[in-house]
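So you can see what is in the structure, the chains are spelled out below.
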Amino acid sequence: RKEVEQDPGPFNVPEGATVAFNCTYSNSASQSFFWYRQDCRKEPKLLMSVYSSGNEDGRFTAQLNRASQYISLLIRDSKLSDSATYLCVVNRRGSQGNLIFGKGTKLSVKP
Amino acid sequence: DVKVTQSSRYLVKRTGEKVFLECVQDMDHENMFWYRQDPGLGLRLIYFSYDVKMKEKGDIPEGYSVSREKKERFSLILESASTNQTSMYLCASSPLGLAGRVANIQYFGAGTRLSVL
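So the protein lines, in turn, are chains G and W.
Residues 545 to 655 in the numbering used here are what the first sequence spells out, letter by letter.
Residues 1415 to 1531 in the numbering used here are what the second sequence spells out, letter by letter.
There's no promise every hint is true.
Below, simulated DSBU-like cross-link-like pairs (lysine-lysine); rule was C-alpha separation at most 35 Å, straight line [stated by the list, open to error]:
#	chain 1	residue 1	chain 2	residue 2
1	G	K589	W	K1427
2	G	K546	W	K1471
3	G	K654	W	K1427
4	W	K1427	W	K1484
5	G	K586	W	K1467
6	G	K647	W	K1467
7	W	K1469	G	K650
8	W	K1427	G	K647
Simulated from the structure, these hints should not be mistaken for laboratory data.
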């Protein structure tokens, strides 16, 4: 299994749709999980951290399943401005401070 | 707000030139990182540093070196640039995680798009 694996995408959805991104990770000892967002030709920016109990930030919900080593991101009521690439991020095995970034899933929200 | 500043947004160099990419952060973060990002390959870690004068190799260090003489500054050096080093280079910084073990959020600079001709 790759260290961090994401849906390949791209996802093309209409405004208002609900879209879900999935991610699996290989290191069962991982403790830090994040979703980053990267706009075209820009730097990655933190979207949200992912906590064991799951967490929500407005239209965005992140879930973590440690047993299955699986992370998800749900976006409700998609907006045009949600169009971006979403990166699943997990801490690297045995290395403090070090993160592994998934290759990302591209989302295009159409009017 | 955390600010990570990369000295150049765009850079064009010739094969064989020595290239310096500079990165400065203003939040007193202990950790600093250099990545390159290429289409289809995602973000790949070149080098990182946990402290002044300390450096560790990432996944793709060949052809690169780094320098961290001051806590806020982390430089990436291409000793002899080659065309396969044409890429987007991203610098990031983060504070130490909880008890120095758990990875913390990384903050990125705007990136330097380097073309080697």
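Checked hints:
Between K589 (chain G) and K1427 (chain W), the direct Cα distance comes to roughly 28 Å. Compliance with the 35 Å bound is thereby established for this hinted pair. For the suggested pair K546 (chain G) and K1471 (chain W), the alpha carbons sit about 20 Å apart, so the restraint of at most 35 Å is met. At roughly 39 Å between alpha-carbon atoms, K654 (chain G) and K1427 (chain W) are farther apart than 35 Å, so this suggested pair is violated. The hinted pair formed by K1427 (chain W) and K1484 (chain W) meets the criterion: a straight-line CA distance of about 26 Å does not exceed 35 Å.
Between K586 (chain G) and K1467 (chain W), the direct Cα distance comes to roughly 29 Å. Compliance with the 35 Å bound is thereby established for this hinted pair. At most 35 Å may separate the alpha-carbon atoms for a hinted pair to count; K647 (chain G) and K1467 (chain W) meet this at roughly 31 Å. For the given pair, K1469 (chain W) sits about 33 Å from K650 (chain G) by alpha-carbon distance, which is consistent with the 35 Å threshold. Pair hint K1427 (chain W) plus K647 (chain G) holds up; C-alpha atoms about 27 Å apart against a cutoff of 35 Å.
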